[in-house]
Amino acid sequence: MAEDITVVGLREPCPCGSGRRYKACHGKARARESMARVGRPFEGLASECDWVAFREIVPAATAPLTLKDPVDHKVILTTVLPLAWPALVRDSGDVYLALQVTTGSGDPSRDAADALLRALKADPGTPIPPAGLPGPGPRLQDLIADVPLEVTVHEFFDYWMADDASAGEADVRESLERANSKVMPTVRLSSVESAYWVDMGDKVFLRWVLPFDEEKLLNAFARLHAADRDTLPGTPSRFVGSFRADGLLVPVWELTDRVGAAGCEEAIAAYAVTLDAALADTAPLTSGERRARAGLQNRQITLR
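Each residue of the sequence shown is one higher than the last, beginning at 0 in numbering that gives the first Met the number 0.
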């Protein structure tokens, strides 16, 4: 097994004694393990849906993290960091862990855990750069305590650096200014879990990350669509469809009268009751519901 072989440089002889270079022998197996795609990378974490939202749909947000093995300083989850750093150790020693990063691995949980572990060992004031494929090791589920996220959505990214010494560096300032210029006003609703209102300029949308089994959820949406009940009650809206992100479905509504976030709270809470009833319906789909389901599937996209 690859796990039993010591990791060495890719061009060094493989410790197994085969006479081949490590990258052509057991290193190849490790690379395959690192690249294996995980369908629901955040499954098992408290607030899985908000973890997905942080990685896929929210521009600027933070949430304190509680580690299974406590540390002396704060650990804070965020959406993105300057220069696409996976993590950052502030001058204060506080650790920021970002989810919106580009990696070659198929397991964002493993990637983030590797960045977190490197940050916990780094000195204050240290950015943690990307490091390629991390190889086998602990995942976030091994490091993060079973505590729900307390999400704070920010208007801008100024919380990144505050008064840290590196905040004055030209590339960091440029990254901050560029990110601030692209932030879309976003609000996390309070009446249901992990629903986010976003103003994209010309249109306003509500996106709701849901934890349910995809097949059951598609059936439920098909029933509601066929019955013309897939708009938000009492709120001018249009059900756009859904996309798949990190193994979960995210239905999307366009708020056609540009209703504000506060105006969506009652509507999404009422829709949640309707959706629960549709999820509980186990009767076979009618022909009209099957057609609706096929249409919903054809309009789906998968992020990453």
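A couple of the hints might just be wrong.
[As the list claims (entries may be wrong)] Calculated cross-link-like contacts (lysine-lysine; reagent style DSSO-like; alpha-carbon spacing at most 27 angstroms):
(1) K181 to K215
(2) K120 to K67
(3) K120 to K73
[Claimed, not checked] Pairwise CB distance ranges, derived in the manner of DEER restraints:
(4) D256 to H72: 19 to 29 angstroms
(5) N179 to S286: 23 to 33 angstroms
(6) R36 to D141: 35 to 45 angstroms
Rather than coming from a laboratory, the hints here were simulated on the basis of the structure. Beta carbons: idealized from backbone N, C-alpha and C, even for Gly.
Hint-by-hint comparison with the structure:
no.	hint	in the structure
1	K181 to K215	violated (36 angstroms)
2	K120 to K67	holds (16 angstroms)
3	K120 to K73	holds (14 angstroms)
4	D256 to H72: 19 to 29 angstroms	violated (46 angstroms)
5	N179 to S286: 23 to 33 angstroms	violated (51 angstroms)
6	R36 to D141: 35 to 45 angstroms	violated (19 angstroms)
Violated hints, in rising order: 1, 4, 5 and 6; the structure is consistent with all others.
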